[in-house]
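Novice: Sequence:
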Amino acid sequence: MQKRKTSADELIALILQGIEEVKGQNINLLDLREIENTVCDYFIICNGTSNTHVNAIVGSIQKTVSKASKDKPWHVEGTENAEWVLMDYVNVVVHVFQKQIREFYDIEGLWGDAKFTTVESSINN
1 MQKRKTSADE
11 LIALILQGIE
21 EVKGQNINLL
31 DLREIENTVC
41 DYFIICNGTS
51 NTHVNAIVGS
61 IQKTVSKASK
71 DKPWHVEGTE
81 NAEWVLMDYV
91 NVVVHVFQKQ
101 IREFYDIEGL
111 WGDAKFTTVE
121 SSINN
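Quick note on our numbering: the sequence shown kicks off at 1 and runs consecutively.
Treat the hints with caution; some may be incorrect.
[Unchecked claim] Calculated cross-link-like contacts (lysine-lysine; reagent style DSS-like; alpha-carbon spacing at most 25 Å):
no.	residue 1	residue 2
1	Lys23	Lys63
2	Lys99	Lys70
3	Lys70	Lys115
4	Lys67	Lys115
5	Lys99	Lys115
[Stated by the list, open to error] Just the calculated beta-carbon pair ranges, DEER-fashion:
no.	residue 1	residue 2	range
6	Lys70	Glu103	14 to 22 Å
7	Glu80	Asp113	17 to 25 Å
8	Asp88	Asn26	14 to 22 Å
9	Ala68	Asp88	31 to 39 Å
10	Ser121	Glu10	29 to 37 Å
11	Glu103	Lys23	15 to 23 Å
12	Glu34	Ser7	14 to 22 Å
13	Gln25	Leu110	14 to 22 Å
14	Lys23	Asp88	29 to 37 Å
15	Arg33	Asp106	20 to 28 Å
16	Lys115	Asn51	24 to 32 Å
17	Lys67	Glu103	31 to 39 Å
No lab work stands behind these hints: they were computed from the structure.
Note that the Cβ used here is the ideal one computed from N, Cα and C, for glycine as well.
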């Protein structure tokens, strides 16, 4: 039996749920589909308050996505120091930062041409 491919919308919803379950902060969704030569369709960017919190967000995303869709990230990097963890789900890439590292690299500014959505958290931080 072949597993059903998870749509981008379903994957994004699961990732956002994983972030919110452990109170990830300042969640933004960047739609890159209108930009030429991008490596994926969407970026999801959020931050945690410490390296422990960043790793908890990453773990929560992996658990939520895997449980609902059996999808695993194609690649994860940055968990050793947990200042910036990148999770590559091929068409959706998740960036989980510590706040000061996020401000320094300013991914949202670098991808200023992207369609930008701030995700309102359903959980009060």
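Novice: Would you list, in rising numerical order, the hints stated earlier that this structure does not obey?
Specialist: Numbers 2, 3, 4, 6, 7, 9, 10 and 14, in rising order.
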